[in-house]
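**Student:** In case you want the letters, here they are:
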Amino acid sequence: MQTFDLEAEGLRALNSALHAQASTTNQTVWDVVNPKGSHAIAVGLDAPIEVNVKGSTGYYCAGMNKQATVHVHGSAGPGVAENMMSGTVVIEGDASQYAGATGHGGTLIIKGNASSRCGISMKGIDIVVHGNVGHMSAFMAQSGNLVVCGDAGDALGDSIYEARLFVRGSVKSLGADCIEKEMRPEHLEILADLLERGGCDAKPEEFKRYGSARTLYNFNIDNAY
Amino acid sequence: MCGIVGLFLKDKSLEPELGTMLTDMLITMTDRGPDSAGIAIYSEDSEANGKLTIQSDAADEAFSGLSEKLATAIGSPVTLRRKDTHAVLEMPAEKVSEARAALREIDSSIRVMSTGDILEIYKEVGLPKDVAARFEVAQMGGSHGIGHTRMATESAVTTMGAHPFNTGADQCLVHNGSLSNHNSLRRKLRREGVHIETENDSEVAAAYLTWKMQNGATLGEALESSLDDLDGFFTFVVGTKDGFGVVRDPIACKPAVMAETDQYVAFGSEYRALVNLPGIEDARVWEPEPATVYFWNH
Chain W
1 MQTFDLEAEG
11 LRALNSALHA
21 QASTTNQTVW
31 DVVNPKGSHA
41 IAVGLDAPIE
51 VNVKGSTGYY
61 CAGMNKQATV
71 HVHGSAGPGV
81 AENMMSGTVV
91 IEGDASQYAG
101 ATGHGGTLII
111 KGNASSRCGI
121 SMKGIDIVVH
131 GNVGHMSAFM
141 AQSGNLVVCG
151 DAGDALGDSI
161 YEARLFVRGS
171 VKSLGADCIE
181 KEMRPEHLEI
191 LADLLERGGC
201 DAKPEEFKRY
211 GSARTLYNFN
221 IDNAY
Chain E
1 MCGIVGLFLK
11 DKSLEPELGT
21 MLTDMLITMT
31 DRGPDSAGIA
41 IYSEDSEANG
51 KLTIQSDAAD
61 EAFSGLSEKL
71 ATAIGSPVTL
81 RRKDTHAVLE
91 MPAEKVSEAR
101 AALREIDSSI
111 RVMSTGDILE
121 IYKEVGLPKD
131 VAARFEVAQM
141 GGSHGIGHTR
151 MATESAVTTM
161 GAHPFNTGAD
171 QCLVHNGSLS
181 NHNSLRRKLR
191 REGVHIETEN
201 DSEVAAAYLT
211 WKMQNGATLG
221 EALESSLDDL
231 DGFFTFVVGT
241 KDGFGVVRDP
251 IACKPAVMAE
261 TDQYVAFGSE
271 YRALVNLPGI
281 EDARVWEPEP
291 ATVYFWNH
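Chains as they are written, first to last, in the numbering used here: chain W, 1 to 225; chain E, 1 to 298.
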């Protein structure tokens with residue numbers, strides 16, 4: 001295992017070292033100590049390595065992640081796992097706004113609460129939140145799954161396309177064109193898998209499913225160019 | 001962008017350290033606002049006197065003999081404690097408004113930064129570390145304080161465009177964000193007779209709160225109504241004589257992190273600003289909800 005003191009060695013050295021790992025590296029586990037809320041920790045990784053951040057992070061932790069597993073033992077600032085392509089990001093604490101924004105793939109697990117705009121414009125990422133999500137979550141979500149074991153704030157799924165939203169608790173309000181949908185057996189199966197991957201002991205039957213009513217302008221074929 | 005820090009002490013034994021802790025927090029937020037910096041500090045170090053914090057770009061000349069002139073004008077003793085371009089004038093509390101009027105007669109180039117019993121506001125253009133050093137913020141004690149680092153978007157980089165803004169006796173405001181209806185609101189407030197010095201959007205927010213409170217609203221009510229009347233992005237932190245408050249606009253784009261322990265309540269635009277506070281590892285850390293007014297009082 002490699003231990004990297006971020007305070008002593010600096011961010012650029014950390015990200016360079018992590019970027020230098022090939023897919024066949026033997027240095028598969030990295031502990032990052034003294035993160036102290038720093039920005040852009042473990043951004044742009046592209047190797048099957050495990051990075052354990054021992055504390056809370058600032059903006060954009062684990063952005064653009066590919067293959068790697070990034071585990072934050074604290075809370076994450078705005079834009080964690082933004083535009084993730086693959087791999088896994090786990091936040092032990094809370095996540096600030098726009099967690100998992102525009103993510104194309106991979107899994108983001110938030111064990112605390114996520115604040116506003118969680119999963120905004122998600123494009124295939126799976127996000128599992130053990131707690132609550134704030135307002136405007138899954139805004140313009142295009143693909144992927146958002147699982148919320150707690151409650152969702154205002155305007156959930158506003159202008160949503162094809163992503164699936166599963167919420168166990170209350171939804172303060174649904175955004176434009178977002179509706180509750182029937183939970184069919186195939187959805188329960190997808191949800192069971194997501195809950196297992198996210199380490200949640202919740203039962204799929206306790207959730208409601210939300211998605212697009214497909215009534216906005218762009219869903220009308222007569223408006224196509 | 002802009003950065004905000006705030007610290008409200010519950011544990012009196014930390015009070016001598018307030019300035020040191022706030023300075024550290026302020027400098028951490030330099031990346032968010034390198035243009036200017038300011039600090040509002042609440043300290044009951046004097047014997048319940050009235051305080052006027054003043055500023056002059058020609059401080060040597062302006063502050064020379066000022067306390068004597070002012071004492072003659074208001075018929076009470078006045079002390080002057082100079083810090084760089086600023087000075088704190090202390091006098092009996094009931095003489096403060098009279099002294100403020102007299103100052104305009106004595107030297108119209110002197111600007112009033114703050115009035116109150118215990119509040120002092122220091123702000124200047126420059127890097128936060130330089131501003132903090134010029135005013136020796138680290139040496140100041142107190143019960144609570146608010147700091148601001150500015151990245152100007154809506155008006156010029158000047159001393160008077162820096163934060164905090166004094167909104168009333170012992171009250172101040174700092175702002176991260178930008179208001180889009182500040183021009184129309186400024187015209188409206190000026191018609192109501194409110195004095196607004198600059199073209200700065202945050203000064204309009206401060207003047208708005210002052211005006212609301214002059215018309216009978218409490219600070220809490222004024223902050224609530226700001227959610228309806230101010231258009232734009234904002235995270236506000238307001239200081240009062242015995243505490244501080246926080247409010248974010250309903251969209252809540254502008255960041256805010258709070259931490260609370262048995263010893264203090266702290267505010268930072270980013271968690272980074274809080275990492276050196278004592279016991280932060282075990283503090284309750286959370287983000288204030290949008291469109292919700294928070295207050296902590298002694």
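FYI, nobody ran anything at the bench for these hints, they're computed from the structure. Quick caveat: nothing in here was measured; it's all calculated off a predicted structure. Possibly wrong hints are sitting among the right ones.
[As the list claims (entries may be wrong)] List of simulated lysine-lysine pairs, BS3-like, C-alpha gap at most 25 Å:
1) W:203 to W:172
2) W:181 to W:203
3) E:129 to W:36
4) W:111 to E:129
5) W:172 to E:254
6) W:36 to E:254
[To be verified] To list a few chain E residues with every Cβ distance to chain W over 10 Å, as calculated:
7) 82
8) 84
9) 117
10) 136
11) 181
12) 218
13) 255
14) 263
15) 270
16) 286
17) 287
Positions of the beta carbon are idealized from the N, C-alpha and C atoms, including for glycine.
**Student:** Which numbered conditions among the earlier hints are violated in the structure presented, ordered from lowest to highest?
**Tutor:** 4, 13, 15, 16, 17
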